[in-house]
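Student: Chains as they are written, first to last, in the working numbering: chain A, 3 to 164; chain B, 3 to 164.
No lab work stands behind these hints, which were simulated from the structure alone. Any given hint might turn out to be false.
[To be verified] Straight-line distance between alpha carbons at most 20 Å, and here's what the computed DMTMM-like set of lysine to aspartate or glutamate pairs gives: (1) LYS12/A with ASP99/A; (2) LYS12/A with ASP68/B; (3) LYS33/B with GLU148/A; (4) LYS12/B with ASP99/A; (5) LYS33/A with ASP70/A.
[Claimed, not checked] The calculated label-pair distances, taken between Cβ atoms and stated as ranges, are: (6) LYS33/A with ASP99/B: 16 to 22 Å; (7) HIS102/A with SER89/B: 36 to 42 Å; (8) GLN154/B with ALA67/A: 22 to 28 Å; (9) ASP31/A with ALA57/B: 18 to 24 Å.
We treat Cβ as the ideally placed atom computed from N, Cα and C, and that holds for glycine.
2 protein chains.
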Amino acid sequence: MTPSDLTAFKEAFRRHAAGVAVITALTPDGKAVGFTATSLASLSAVPPMATFNMARSASAWPAIADTDRVVIHILGARNRAVAEIMSRDASQRFVGDHWHTGPYGLPVLNDVSAWMAGRIVGRLPLHNNAVVAVQIEEGGLGPEDEALLYFQREYRLLGENA
Amino acid sequence: MTPSDLTAFKEAFRRHAAGVAVITALTPDGKAVGFTATSLASLSAVPPMATFNMARSASAWPAIADTDRVVIHILGARNRAVAEIMSRDASQRFVGDHWHTGPYGLPVLNDVSAWMAGRIVGRLPLHNNAVVAVQIEEGGLGPEDEALLYFQREYRLLGENA
Chain A
3 MTPSDLTAFK
13 EAFRRHAAGV
23 AVITALTPDG
33 KAVGFTATSL
43 ASLSAVPPMA
53 TFNMARSASA
63 WPAIADTDRV
73 VIHILGARNR
83 AVAEIMSRDA
93 SQRFVGDHWH
103 TGPYGLPVLN
113 DVSAWMAGRI
123 VGRLPLHNNA
133 VVAVQIEEGG
143 LGPEDEALLY
153 FQREYRLLGE
163 NA
Chain B
3 MTPSDLTAFK
13 EAFRRHAAGV
23 AVITALTPDG
33 KAVGFTATSL
43 ASLSAVPPMA
53 TFNMARSASA
63 WPAIADTDRV
73 VIHILGARNR
83 AVAEIMSRDA
93 SQRFVGDHWH
103 TGPYGLPVLN
113 DVSAWMAGRI
123 VGRLPLHNNA
133 VVAVQIEEGG
143 LGPEDEALLY
153 FQREYRLLGE
163 NA
């Protein structure tokens with residue numbers, strides 16, 4: 003693998019399985035935006051903080067760059083359809099009854115494993131991308147579910163113990 | 003879930019499944035350090051960049067804070083023992099023949115799904131933790147393997163398509 007070896011880098015990360023999350027926010031004029039992310043990670047428990055990564059060319063970036071507040075959703079197996087809705091045509095992501103209005107008017111997806119509303123406490127822009135750090139302020143847990151995973155460009159369920 | 007509701011935050015993140023990675027580096031005097039991470043995420047493909055999160059109280063933090071170079075390893079099912087070695091007593095993590103010396107003298111774990119050596123291009127410290135961003139410069143792919151996952155504090159394999 004060399005710096006220009008894009009194929010090998012992509013193959014390396016295809017071998018990394020990831021949990022599936024959805025990030026939502028509001029534009030300055032109150033329009034809901036959101037996207038499916040496989041980069042969600044816990045940063046600390048005290049205070050509760052998490053991070054996600056995104057391209058600054060993403061349709062939701064102007065809103066994320068401009069707002070203080072986001073909602074992080076952790077998806078379970080029953081949320082597979084929502085994962086697909088939130089990664090398709092940006093204009094269609096909030097068409098339907100799969101979400102409701104939560105704290106601060108933020109869009110909250112229905113029936114997810116967990117949702118956490120928080121304040122953006124750091125942004126680390128690098129080239130055309132950015133790391134976004136969020137301090138969680140409130141949220142809720144849904145019914146327990148199997149985890150939803152993304153691996154080799156497919157949605158997968160968890161298997162047995164390793 | 004409220005800001006002080008640590009249990010709910012922890013439960014939310016227990017519901018988020020994660021791929022398992024190991025980060026290694028060298029101390030200024032050339033000693034190998036490393037740790038198992040469930041926070042590895044791709045940041046961009048062009049240039050190839052990835053991020054991981056860690057506590058600044060971690061045994062490896064002084065080395066990570068002080069060095070420019072790290073190795074990121076993506077673990078497969080066959081690497082479960084290594085995931086455990088790299089999360090136990092820090093003084094014992096490089097006792098054994100599960101690693102070799104790679105580029106720039108960096109410790110590289112044997113027989114992983116993928117390893118990527120790179121340069122730290124950003125650190126975002128927040129409270130007692132930090133996000134670390136790495137630009138990949140070289141690496142290699144091992145034999146294909148099932149992904150190794152971490153969920154509800156257990157190592158798991160992947161299951162069927164969702």
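Student: Next, verify each hint and record whether it holds.
Tutor: Right, here's what the structure says about each hint:
1. LYS12/A with ASP99/A: violated, 35 Å
2. LYS12/A with ASP68/B: violated, 28 Å
3. LYS33/B with GLU148/A: Answer violated: LYS33/B to GLU148/A is near 41 Å, above 20 Å.
4. LYS12/B with ASP99/A: This hinted pair is violated, its Cα atoms lying about 29 Å apart.
5. LYS33/A with ASP70/A: With a Cα-Cα distance of about 15 Å, the restraint between LYS33/A and ASP70/A holds, given a limit of 20 Å.
6. LYS33/A with ASP99/B: 16 to 22 Å: violated, 57 Å
7. HIS102/A with SER89/B: 36 to 42 Å: holds, 39 Å
8. GLN154/B with ALA67/A: 22 to 28 Å: Given range 22 to 28 Å: violated, Cβ gap about 34 Å.
9. ASP31/A with ALA57/B: 18 to 24 Å: violated, 39 Å
Taken one by one, the earlier hints fail for this structure at numbers 1, 2, 3, 4, 6, 8, 9, listed in ascending order.
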